[in-house]
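Engineer: First to last, the protein sequences are chains W and H.
Each residue of the first sequence is one higher than the last, beginning at 1 in the numbering used here.
Each residue of the second sequence is one higher than the last, beginning at 1 in the numbering used here.
These are calculated hints, taken from the structure and not from any lab test.
Keep in mind that the hints are not guaranteed to be accurate.
Copies of the same chain are indistinguishable here, so a pair counts whether it falls within one copy or spans any two.
Stated by the list, open to error - Quick list of in silico lysine to any residue cross-link-like pairs, SDA-like style, CA-CA up to 25 angstroms:
no.: 1; residue 1: 181; residue 2: 99
no.: 2; residue 1: 241; residue 2: 15
no.: 3; residue 1: 73; residue 2: 63
no.: 4; residue 1: 113; residue 2: 18
no.: 5; residue 1: 241; residue 2: 274
Number of protein chains: 2
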Amino acid sequence: MSHLPIALDAMGGDNAPTDIVAGARVAAEEHGIPILLVGRPDELGDTGDLEVLPASEVIAMDADAGSSVRRMKDSSLVRAAEAVRDGNASAMISAGNTGATMASALLRMGRIKGVSRPAIATPIPRLEGSPTLLLDAGANADCTPEMLCQFARMGAVFARDRYGVEQPKVSLLSIGEEDNKGNALVKDAHKALAEEPWAELGATFVGNVEGRDLMTDEADVVVTDGFTGNVALKTLEGGMKTLIAGLFDAFGSSPEAVEASAALTPALEPLYRRFNPDTYGSAVLLGVNGLCMISHGSSSASAMTNALVTTAELLDTDVVEHLRAAITA
Amino acid sequence: MSHLPIALDAMGGDNAPTDIVAGARVAAEEHGIPILLVGRPDELGDTGDLEVLPASEVIAMDADAGSSVRRMKDSSLVRAAEAVRDGNASAMISAGNTGATMASALLRMGRIKGVSRPAIATPIPRLEGSPTLLLDAGANADCTPEMLCQFARMGAVFARDRYGVEQPKVSLLSIGEEDNKGNALVKDAHKALAEEPWAELGATFVGNVEGRDLMTDEADVVVTDGFTGNVALKTLEGGMKTLIAGLFDAFGSSPEAVEASAALTPALEPLYRRFNPDTYGSAVLLGVNGLCMISHGSSSASAMTNALVTTAELLDTDVVEHLRAAITA
């Protein structure tokens, strides 16, 4: 299906704009995806046949999100969000400042009618099969049970459209599997989630799961407040990074170890690929009036190509209309 | 230094009583640690010269904590806690039901004067050096800023006495390093923590840390509510387990991989030992009127020996008196 171009923030990310532009060119030239590069034209290098939307400002990775978006009206992020709002782009993608990406999308595109707060949904890779979708991964530090119910509905839609899970298993992150385990928010949210019309929504509520279930197939969607979700996500990333650093130390610890680990490389490659964020993909801001993909700050050119291909596939599924329907169901 | 015996719940844990008794005998016979085994005498097997305190009931690993402790007055856990309260034991250790261990200690020993709620402090291993102490790891699902301040004081004392950290770096778990990042509880707790007399307490408040810092030396003590702490801990355990399972799959994926991984075993052994809970040790319930160590349910005999040796060392430091002093400082 053909779409409006995808607005890509060419200035956002640790490797911007070089890798962003390189990834976009591959997506356009090899996958036929229409792309609108947003950024400073004279910094983008060779953009080939890509369309460019000029934007003179860049919101830094560590800038304060709210004030930057209000102040920098000609920033690549704000212009990308406006392109979606104005019907000049079908979706936006950024590997830049996450908070500013959210704020741009929220302020320029607005929310889906009925959505109280958009949430960041992040894929957590498993050893096999599609990832677990964790939301909210950091958009809302303080949540109500009603917000968690909306996150759950949106997560179920996204797991179906993005990963092809026919009847997504929706769960609530807690500190015990029993219904009455958790903090005050989680206890109330459990009751509210149990009363949602899951059959009608084409999903199942499987109750509470624990942190140790995030990388398993216990649930397809794990709902939590944005504080807990962000802590869990970063704890997982930190733990993986530490263990992998330890492995590399061991692999290099003697000539014998170096030789043995070289022989293991083909066997370890699939595991490395599976747990590499460049492969398992971007996060998404669910609940805004359009598609807003949030890529890892460290995204490589191939990660950007993947993100663009995924986004084009998502546009084919009409996910935003499905989200709209699920909120009012 | 000689102490009263350590009361050891012989019936608690996945491998109880066999491995518990075996670990206790090594601690007594090779390290000279006085031990009071608590449990059903006719199920304990050969206890050698160990003293036994008979207890006819066993609280199951998955039993409801509060009601079990109230009902089962002759359980090994309740009797172990009473032995500490009555001056017949210097500390208690259990690898059994964590909730029931906490409840027994709290109800029988009581709290240190001034402590609002005891907290579970859990060591998180790093690649090098002593572990990071995370608290509360699950005792209190809902917390106030004042509770987090007490946890911080107690954590600093424990990091000094247990790990020899002279000037512990105390931190608050959040979702950004800036002072104003976090949920409502964390924002208030940050202000309260910043006003504590850290110099007087022999520690430093280093502000917010994130989930990714748990396995690093950013902080020696990381304070959080028991819901977030438990989610973080279990997320880390689950992530490690998944990655290690993936590694073992890769190691066994071909004859060449099997051979290469066998050659790597000596290099990987120190890493395995460092991240094995049997090595880095038990959690501790801080804030009760005595020493209560909480071992992993899966504890092996050698883990129990380690736990007993550690506990004896802790008794030498007079940690409970130091906790008492820090609460009123």
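Engineer: Would you mind marking each hint as holding or not holding in the structure?
Structural biologist: We went through each hint and held it up to the structure:
1. 181 <-> 99: So residue 181 and residue 99 pass the 25 angstroms test across copies only (12 angstroms; inside, 31 angstroms).
2. 241 <-> 15: Answer is within: at 20 angstroms inside a copy they meet the 25 angstroms cutoff, but 32 angstroms across does not.
3. 73 <-> 63: Within. Shortest intra-copy distance 14 angstroms satisfies the 25 angstroms Cα cut-off; inter-copy 58 angstroms does not.
4. 113 <-> 18: neither (37 angstroms within a copy, 61 angstroms between copies)
5. 241 <-> 274: both (14 angstroms within a copy, 15 angstroms between copies)
Hint 4 from the earlier list is the only one contradicted by this structure; the remaining hints agree with it.
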